[in-house]
Structures are given as C-alpha cells and as structure tokens.
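Visitor: Given chain A, work out where chains B and C should sit, using these hints.
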Amino acid sequence: MSSSVNTALENAQTEVSTPEPPKNQPVRKAKRASGVVGLLLQNRKAAVGAFIVVFYVLVAVLGPYLVPYDPTQIVGRRHTPPSWEHWFGTDGSGKDVLSQTVVGARSSLATGFIVGSIVTVVGILIGMTAGYMRGRVDDFLSTLINIVLIIPGLPLLIVLAAFLPAGFWSIIFVLSVTGWAWGSRVLRSQTMSLREKDFVASAVTVGEGKLRIMLREILPNMMSIVVAGFFGAVNYAIGAQAGLEFLGLGNPSNVSWGNNLYWAQNNSAMLVGAWWTLIPSGLSIALVAFGFSMINYAIDEVTNPRLRSQRQTASILKKQPAKVRRSRATPVLMEGNGD
Amino acid sequence: MSEQRDLVLDIKNLTKHFPMGGMRDTRKVHAVEDVTFALPRTEIVTLVGESGSGKSTTARLISRLIEPTSGEVIYNGKDVLKTQPGGASLEYRGDIQMVFQDPFGSLNPAHTIGYHIERPLLIHKKVSGRKALKDRVHELLDTVGLGPADETAAKFPYELSGGQRQRVGFARALSVEPKVILADEPVSMLDVSIRVGVLNLMKRLAEDSGLSFLYITHDIASARYISDHTNVMYAGRMVEGAPSDTLVHEPAHPYTRLLLSAVPNPHAGLRTQETQARGEIPSLIDPPPGCPFAARCPHVMDVCRQIMPGAVTIAPHHWVRCHLYGDGGESPLPNAANSVG
Amino acid sequence: MVISMSTDVKRGITAVPDNFIPLIEIDNLQVEYLAGRGSVRAVDGVSFSIGKGEVVGLAGESGSGKSTIAQAIMRILQPPAIITGGQVLIGGRDVLQMTDRELRKFRWDEVSMVFQSAMNSLNPVATIGDQIIDAVMAHRKINEHQAREQAKEMLQIVGIESDRIDSYPHQLSGGMRQRAVIAIALALQPPLMIMDEPTTALDVVVQREILAKITELREKFGFSILFITHDMSLLVEISNRIAIMYGGEIVEMAPSRELFENPLHPYTQGLMASFPALTGPRKQLEGIPGSPPDLISPPSGCRFHPRCPHRFGPCDSVHPPLIEVRPNHFVACHLHTTSEGSAQ
Chain A
0 MSSSVNTALE NAQTEVSTPE PPKNQPVRKA KRASGVVGLL LQNRKAAVGA FIVVFYVLVA
60 VLGPYLVPYD PTQIVGRRHT PPSWEHWFGT DGSGKDVLSQ TVVGARSSLA TGFIVGSIVT
120 VVGILIGMTA GYMRGRVDDF LSTLINIVLI IPGLPLLIVL AAFLPAGFWS IIFVLSVTGW
180 AWGSRVLRSQ TMSLREKDFV ASAVTVGEGK LRIMLREILP NMMSIVVAGF FGAVNYAIGA
240 QAGLEFLGLG NPSNVSWGNN LYWAQNNSAM LVGAWWTLIP SGLSIALVAF GFSMINYAID
300 EVTNPRLRSQ RQTASILKKQ PAKVRRSRAT PVLMEGNGD
Chain B
0 MSEQRDLVLD IKNLTKHFPM GGMRDTRKVH AVEDVTFALP RTEIVTLVGE SGSGKSTTAR
60 LISRLIEPTS GEVIYNGKDV LKTQPGGASL EYRGDIQMVF QDPFGSLNPA HTIGYHIERP
120 LLIHKKVSGR KALKDRVHEL LDTVGLGPAD ETAAKFPYEL SGGQRQRVGF ARALSVEPKV
180 ILADEPVSML DVSIRVGVLN LMKRLAEDSG LSFLYITHDI ASARYISDHT NVMYAGRMVE
240 GAPSDTLVHE PAHPYTRLLL SAVPNPHAGL RTQETQARGE IPSLIDPPPG CPFAARCPHV
300 MDVCRQIMPG AVTIAPHHWV RCHLYGDGGE SPLPNAANSV G
Chain C
0 MVISMSTDVK RGITAVPDNF IPLIEIDNLQ VEYLAGRGSV RAVDGVSFSI GKGEVVGLAG
60 ESGSGKSTIA QAIMRILQPP AIITGGQVLI GGRDVLQMTD RELRKFRWDE VSMVFQSAMN
120 SLNPVATIGD QIIDAVMAHR KINEHQAREQ AKEMLQIVGI ESDRIDSYPH QLSGGMRQRA
180 VIAIALALQP PLMIMDEPTT ALDVVVQREI LAKITELREK FGFSILFITH DMSLLVEISN
240 RIAIMYGGEI VEMAPSRELF ENPLHPYTQG LMASFPALTG PRKQLEGIPG SPPDLISPPS
300 GCRFHPRCPH RFGPCDSVHP PLIEVRPNHF VACHLHTTSE GSAQ
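Protein chains in written order, with numbering that gives the first Met the number 0: chain A, 0 to 338; chain B, 0 to 340; chain C, 0 to 343.
Treat the hints with care, as some may be off.
To be verified - Computed list of lysine-lysine pairs in DSS-like fashion (alpha-carbon distance at most 30 Å, straight line):
hint : chain 1 : residue 1 : chain 2 : residue 2
1    : A       : K209      : B       : K81
2    : A       : K209      : B       : K77
3    : B       : K125      : A       : K209
4    : C       : K51       : C       : K219
5    : C       : K219      : C       : K151
6    : B       : K133      : B       : K77
7    : B       : K77       : B       : K154
8    : A       : K209      : B       : K124
9    : B       : K133      : B       : K11
10   : B       : K77       : B       : K202
11   : B       : K81       : A       : K44
12   : C       : K282      : B       : K202
13   : B       : K130      : A       : K209
14   : C       : K282      : C       : K51
15   : B       : K178      : C       : K282
16   : A       : K209      : B       : K202
17   : A       : K44       : B       : K133
18   : B       : K27       : A       : K209
19   : C       : K104      : C       : K151
20   : B       : K154      : B       : K130
21   : B       : K27       : B       : K81
Source of the hints: derived by calculation from the structure; they are not laboratory data.
Bound conformation, chain A alone (with noise of 0.2 Å):
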C-alpha cells in the first residue's frame, strides 16, 4: 500500500524526525542533547561550516609555523601582484601579503574566541541570576542590560577604543564589556520561562539549591541557545575588532587581519588597483563569519523538529506528481493514485 512512501523514506534517510509531535514541547529535547553531535555531523550545512572555521583555526594555530616570510619584514618591492615569489603579492610597504594574512588569522581568531568566551560567561551569569531570582535584583541586572543595550554600540566602542591604550587586550576588552548584554537578556527571559517549569518546582522540593537549580536543571536545557550565542558572539568580536583596527583604533603594528586592511587603505590600495592586498584579508572575514552562521543554522535545524520535517517531507514530495507538490492539503500518495 505504501511502498511509495517506504521508497521514498529510504531515499531521503538523512534525520530523525518525531512522529506525533508532542503536545508539550519539552519532550524530545533529552534526545537532541545528546544526539546533537551526531544530527549536526550528518547536516550539510553544519559541514561546510565546521569545514571553514576547522580551516581557519589549524591556519591560525599552524600558519605561523609556515609562512615564507616574515610578516612584519620588508621583503620585495611595493605592491607588486602575485607571483610564485610572493603567491598574494606585497603590500604597499614590500611585505608579504599571504603570511600577513595566514599570521593575521590568529590575532582576529584568539580575539573571536577570547571574547565569544567572555560574552558567553558574563551573559550566562547576568541573564540566569536576572531570569532566576527576579524581584530587585532583576530589576537593577534588567535596567543595566538595557543601557547597555541602549548605547549604540559603534560610538561606544570607538570612544573607549580611543581612550585605551592600543593593544590587542584593550580591544578584547572593549568588546567584551559592549558584547554581552544581548545575549544575556536572551538567556534571562529563557531562564524566567523555563523556571516556571515543574521540573524546576520539582527540584525546589526536594531541597536542591539555587545555584545548582540554575546550574544543573536550567542551563543543561538552554545550550543550544548558548552555543548558538558563543558562535554569535566570536562572528561580532572578529568583525569587530576588523571595523576597530580598520578604524586606526588597534594597535597598527599588530598583524590582524582589521589591520592588514588598514594598512592597504593608508596606502591608497585601490587608487594603485592593489587589489591583492585587500581581497585575502577581507574574504578571510568573510568566509569565517559565514562558517560560523552556517554552524548556527544548522545548530537551529537540529534543535528545531519542524524545520527538520519540513525539510525532509518536502526532499519525498519532490518525487511526486507536481499537483501533490502544489497542494496546501494534506498530501495523499497512493500507489496507481485512486484505488
């Protein structure tokens, strides 16, 4: 009888969906914990994430060891294109592009992940002791999350930027003390809603304490959120500390990737159609901010059953007559279709 759609299934073997989807959603969420990793392994999306960002950490953890140059030193004439001397050419002062870039991802990567890390762990702290306790003490955490929010946030860290001695901590800080009140007010109101749960009552009577509530029954159920937030937040400190050090507001002797494009802009690297100087740096950026979005969507499939489903029914509807593809209804297959 339903051959067609046992076919089907096997073709479209990819994921697990849940089949009465149950009426109080907490249900399967034990399940994805823990078959998180392996849900995320078998997404597309997740891979070619995972595969640029796994790229771009060994570049920074390894490339240092491999560059042909010196980054820092003069080795070649200015802004000559590339070559098989210099693969990305050289930059406005005969220093070597692709070891400025491959030495560069290291700075802009260390500086993603140390301030993700920060922001993640203050936002943790912030949101759940705001969320959890409520009376006063949320209401001075909530009044200082939303001034943070309030200021915007560019002139904010330009100012502070400016005020700092220029360095690679200094813009670590900045961003950190500008970065964490977003993801902190998401997690507060996750905590107020998941504290309402039963479980959570039930954990108060049987005499568990505050923090380890906090800690063991509520966080464990809001990770996706935080490590959607943790990669959130290194794609904002990357980008960040870029605009910054584009800005003049690092420190210029840094190699980073935001100063590589400082220097080719102070060398009027496109007025002389030095494009080499400007492409691998900026493409850098933009290639890891997208692996780590990637990583976020298929973080948001995964956890999210109807996304899921929609995908999977949809990749078997493809197979069908178009008139069932274009119907609103309730699909029907049947095998010789009216028996």
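Guide: Then chains B and C, alone, in the frame of chain A:
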C-alpha cells in the same frame, strides 16, 4: 472538624494575594482566601475545584513553593510559617513532597530517570555509598512498578510514556521518605486506561507506607474513589467539606450540587439535566464582599451579596459555608440528596 | 456490571436510526507520519460512515489516531503526515481526490470543525462578529449587512447575546469563546461538524452547558457530528454510535447504549472499568496494565494482545478482522471470531 484526630497537617486561614504587577496597580488577585482544613495521618484528603478555584495554589503554599500572605501551616503541631520564616527547612522539604500535574513538564529532559531519584537521596543523606544509592534507586523504581529498574534508571524522560513518568514523579517523592505527599492533579493528563493504576498506587501507599495524601483534582468521581474526605473549593475559598461519599450523595452547597450535576455519568443512565446555574467563576481581582457564588446561585438571597457566610457543621465531619444553613440546622432544600441521579 | 437504567430517554438518542442515510463514508483510510526509524502508521485501514443527523463518537487514548482521522478528513493534516490510502466519500465525491479549490468549498460549506484549542485560535484583533461575517461572506454571495444579521442570529443560537457581536475574543471567557467558535462552525450550516475534544479545556460546568447547547442545535438543524474525545462517559451520553480506536485501528463499534452495556472487546471493557463511578457502591478498579503501543513497531497480531487479560492462541500472530457479531455491533477480537467464543 474534631480535635481528637491525629493531624499531620492543619491548615488555618491560609490566604494568598498576588499583586497585579503594575507599578501603580494596587489591586490584588485573591487566589486563596481563608482556607482551613486538616489532613489526618495516613488518610487521603481531596481538594476538588475547577480551574481558578485556588486548589493548586493551596498545594504550592503548603509546599512553600510560594509564600502565603497570611495564615498558618501547622505541621506536626508547629506552625512552620513562624518557625521557618525564611523559607522551608531541609527537614520540612523532606517531609512534605509534591507530585505535579504535567508528567511531561515535571521531569528535566536533560537528566536520566536515575538522576532524578538519586538527587533527593543525596540531598537528604538517605544513603551512603554508591552501591547503596544504586540499590535504593532500584528499590524505589520497583515500588512504583517501573521494573526492570536498572533499565529504567538509565533512560531519559522522553523514552517513557506519560503514566510511567508520573510513576517516576511518585518514586522521586517517595525517595526522601516523606510524611505527606501533595498530589496536584496527578492523573488528569494521563490516558484513561492508566489513571486507575496511578490512583491505586496512591491508595496502596497510604495504606502500606503510612503516608498521608492531599489529592487535588477537578474530578469529583476520582475524589470519591480514593479519598476519605473531600473539600470543595470555589473562587479561592473552601465552600464545603465532607466525607467523600457523603459529599457525593448529600451535597449541601449549591455549588457542589452544580458541580455534581455537570459530571458526565453514564452509570446513571441518560437523563435530561438542567444545570441550575449559568455564568462562570467571578474575577478574583479585589472581589466584592459576600459569597463568591452569589452571582450564579439559584438560591441567592440578599444577605449572600453582603456577608461571607461562616462555616456551619451540618452533620459529623460535614460542614458548609452557605447562608442557607445559617442555623446549623436542617437543610431548607429537601431534595438535596436527590439532585444527583 | 450493574447499570441503573433510566427510562428517561427524552433526548431521543437511540441506536442507529432506522432511516440510516450515509452522509460521509470513510473507507480503509490510511495515514502515515514520516519518521526516520520507519514511517508510523497513525491510522491503519479505518472504515466507518456517519448517517444524516447522526452523532458518531470516536474514542481512544492519545496516539490512537482519533484526531488524525478528523484532520485527514478535512485534509488539514500537515506533513510529515501523508495519506497513503483509502477514500473519504461525501455526496459521491472523494475528498482525497479534491483540488485545493474544491477543498476550500468543501471545508466549512460541507464540513466544519471545532478543535480543543479552537477558542485560542480566534483572531485576537478582530471582533467575533467580523470573524463570523468573514466566514459567511467567503462562501455565500450576500452583502455585509445580511451577513451581520446572520452573525447576530448565530451568536444568539449558541447562547451569546447578540450585542456582544462587537466584542473581541479577550473580552469573552473561555466558555464564551468556545461558543463563538461553534457559531462560526455553524454559520454556513454544514451537514457535518467535526468536534475534536471541543470541551476538554473547559470546566465541567461549562462543558455541560456547551454539550447541552450542541445537542439542542443538532436536534434543531439536523446536522451530523463526528465527536472525538477520550472521555467515554461523555460520549455515551452524547452520541448514537461509538467507535473505539486502539493503535490506529477501530477495535469496536456499536450503538452507544449497546457498547456501554455490553462491551465486547477487552480494551473497551478495560476502558469502561477505568472510570470511578460517581454513584453506586465504591469498588476497586483495575484499569489496563501496560502502555499504549509503539506504532513504529506495533505488536504483531492483535495490537492489544500485550495488555490483554484474555489473550490466547492466535492473538500474537493473527490480526483479528472487524466483524459484525450482533446487529450493528462490530468487534475486532479473536474471542469473537470463532462462533462459540465469548468475552465474558
């Protein structure tokens, strides 16, 4: 309400007003108002009422998940609100346990069944050593009929059905060897065929383990099935209390009678039944004086809209809050006993 | 089983009407949910019909497929659910073959639906009057004034004062909103209404009022109802015939009095014995041990056999067919497939 009984819980004038929340809004939701009842040791006592009647809030007040506005919660002769003003002590938490309505929401999806039962054992230091811990978890799972225990302990909540999850809820509550279990609609979200199993489990525990239960439900038939005494709540107030059988057969309060007449009951045959009252539960925001049922009551009198009636005892262990029974004498409604089937 | 029979059958709910004219026929309906571990057959070969003016009750536990049937008839099930077989015939046409355009007319014009959560599905920013008017004007060629008059009439019929026509949903209580939903469902006077747990979210007193209203309206307008609920006692009161579902199949179907007084399938018997009685002697109930079947790998033979107290020889290997063991009383159980078999 006799005094010589051995009461494990004695609730007096329990009241909870929730503020409306707004900065200037001084209005209050009178969720629970002047609730008084007793839970004798090893008995099952029911609070029955519709949604919004305050029955679940009452349970949460007793378990001190929320703090009452006023009143007394006398446990083993001591008012715990006075002796533990800062919140429930660990000892009280161990003695008073709660089972929740939603079997899907009351277990943490991130933890195994074993974890759920181990935690209270560790917190209350009921066992020492890994081996003893594991054995006790298995023993508890067997008690509630969730064998084979080592398999169940390793499972996550989503792998169990609703009925099984509710049994985990009971195993968890039992793990700390409590004296009282507050069961808040423990079967209302379960499938019909497994409800009886959970109710029977409660009955068995009350008989064998010396536990006392406060059973909270909207289903008056199940109240009669498992409990000795039933109290009826309406709009945050307790309006009638009686031995469960008496309540069903000789309901006194007009609201109790309305509730009984509305229950589908094929055992009584198909009958045309006019529900006597219309309208719905009144707003609990700063309610007017008088009986909260006055607006719907078919027997309403002038006095009902002005003065809240006091509790009147009309038979042994049977009391009612209604002006119709003002003198504590006979019911002016001779057909009271016949109103149901 | 002691049954206090009442002679008061004033509502006129009797067994299958003598003048049984089928309104809708569901034949061998199959619905699957696509899942990675293999598809789940949520509805597996279900056949029944609803007569004109008849109330058919569909009872079963969660996951038995009862709501899936209703949504499949309306063709409003969303993927991953897929209908994989059968027919739904109404007026000689098969709903499963209809195009989107035909379905639009079919829904509300011929069949309307009231869900459990329907009262929360009203549009919060439109008045209830406008929502009825919209439904009427989308299907009937009448002007707005006429539609408004009709909306007022519909509200009155379901017991809402007609001056509440300009109320927004949040201004009405839960019971009132559910009445408004029924008014919308009634507005086009379809010959069939599907009600999926229409009163489960309401309190007993409100539930009683709404059921009385539904019964009254049905008598007045003569439409048919497919009434879906897990509450057997309620079904026995309201319906003419009841079908009991278990694991995606109908295991027993009979006129409601007959089913209540003489349930033949062990599952039905178990269900009947699961309700504490409000009156009569207090007796120990047993319920049904075990849990509902996993439909991804359903039990072999009879799907109920792992929980059945009467299982014997063929139960775990042979799937029992639904057969008529008495007039209008169908059961799918091996105890009744052999001529001398008896359930008691």
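Visitor: Determine for every hint whether it applies to the structure shown.
Guide: Taking the hints in turn, this is what the structure says about them:
Between K209 of chain A and K81 of chain B the CA atoms are separated by roughly 23 Å; this keeps the pair inside 30 Å, and the hint holds. The straight-line distance between the Cα atoms of K209 of chain A and K77 of chain B is roughly 26 Å, inside the 30 Å bound, and the hint therefore holds. Annotation: proposed proximity of K125 of chain B to K209 of chain A holds, straight-line Cα distance about 21 Å (limit 30 Å). Between K51 of chain C and K219 of chain C the alpha-carbon distance is near 13 Å, which keeps this suggested pair within the 30 Å criterion.
Between the alpha carbons of K219 of chain C and K151 of chain C the distance comes to roughly 18 Å, so the proposed pair stays at or under 30 Å and holds. Simply put, K133 of chain B and K77 of chain B have alpha-carbon atoms about 35 Å apart, too far for the 30 Å limit, and the pair is violated. Distance check on the hinted pair: K77 of chain B and K154 of chain B sit about 41 Å apart at the alpha-carbon level, beyond 30 Å; violated. For the given pair, K209 of chain A sits about 18 Å from K124 of chain B by alpha-carbon distance, which is consistent with the 30 Å threshold.
The hinted pair formed by K133 of chain B and K11 of chain B fails the criterion: a straight-line CA distance of about 41 Å is larger than 30 Å. Taking the CA atoms of K77 of chain B and K202 of chain B, the gap is near 27 Å; set against the 30 Å cutoff, the hint holds. For the hint pairing K81 of chain B with K44 of chain A, the CA-to-CA distance comes to about 59 Å; that exceeds 30 Å, so the pair is violated. About 13 Å separates the Cα atoms of K282 of chain C and K202 of chain B, which keeps this hinted pair within 30 Å; it holds.
Taking the CA atoms of K130 of chain B and K209 of chain A, the gap is about 28 Å. The hint holds against a cut of 30 Å. Among the hinted pairs, K282 of chain C with K51 of chain C is inconsistent with the structure: their alpha-carbon atoms are about 40 Å apart, more than 30 Å. A hinted pair counts as satisfied when its Cα atoms are at most 30 Å apart, and K178 of chain B with K282 of chain C qualifies at roughly 27 Å. As the CA atoms of K209 of chain A and K202 of chain B are separated by approximately 34 Å, the hinted pair breaks the 30 Å bound.
The straight-line distance between the Cα atoms of K44 of chain A and K133 of chain B is roughly 43 Å, outside the 30 Å bound, and the hint therefore fails. Taken as a hint, the K27 of chain B and K209 of chain A pair is honoured in the structure, with Cα atoms around 28 Å apart against an allowance of 30 Å. Of the supplied pair hints, the one linking K104 of chain C and K151 of chain C holds, its CA atoms being roughly 23 Å apart against a limit of 30 Å. For the proposed pair K154 of chain B and K130 of chain B, the alpha carbon gap of about 19 Å is at most 30 Å, so the pair holds.
Distance restraint check for K27 of chain B and K81 of chain B: the Cα-Cα separation of roughly 24 Å lies within the 30 Å cut-off, and the hinted pair is therefore satisfied.
Going through the hint list in order, the structure does not satisfy hints 6, 7, 9, 11, 14, 16, 17.
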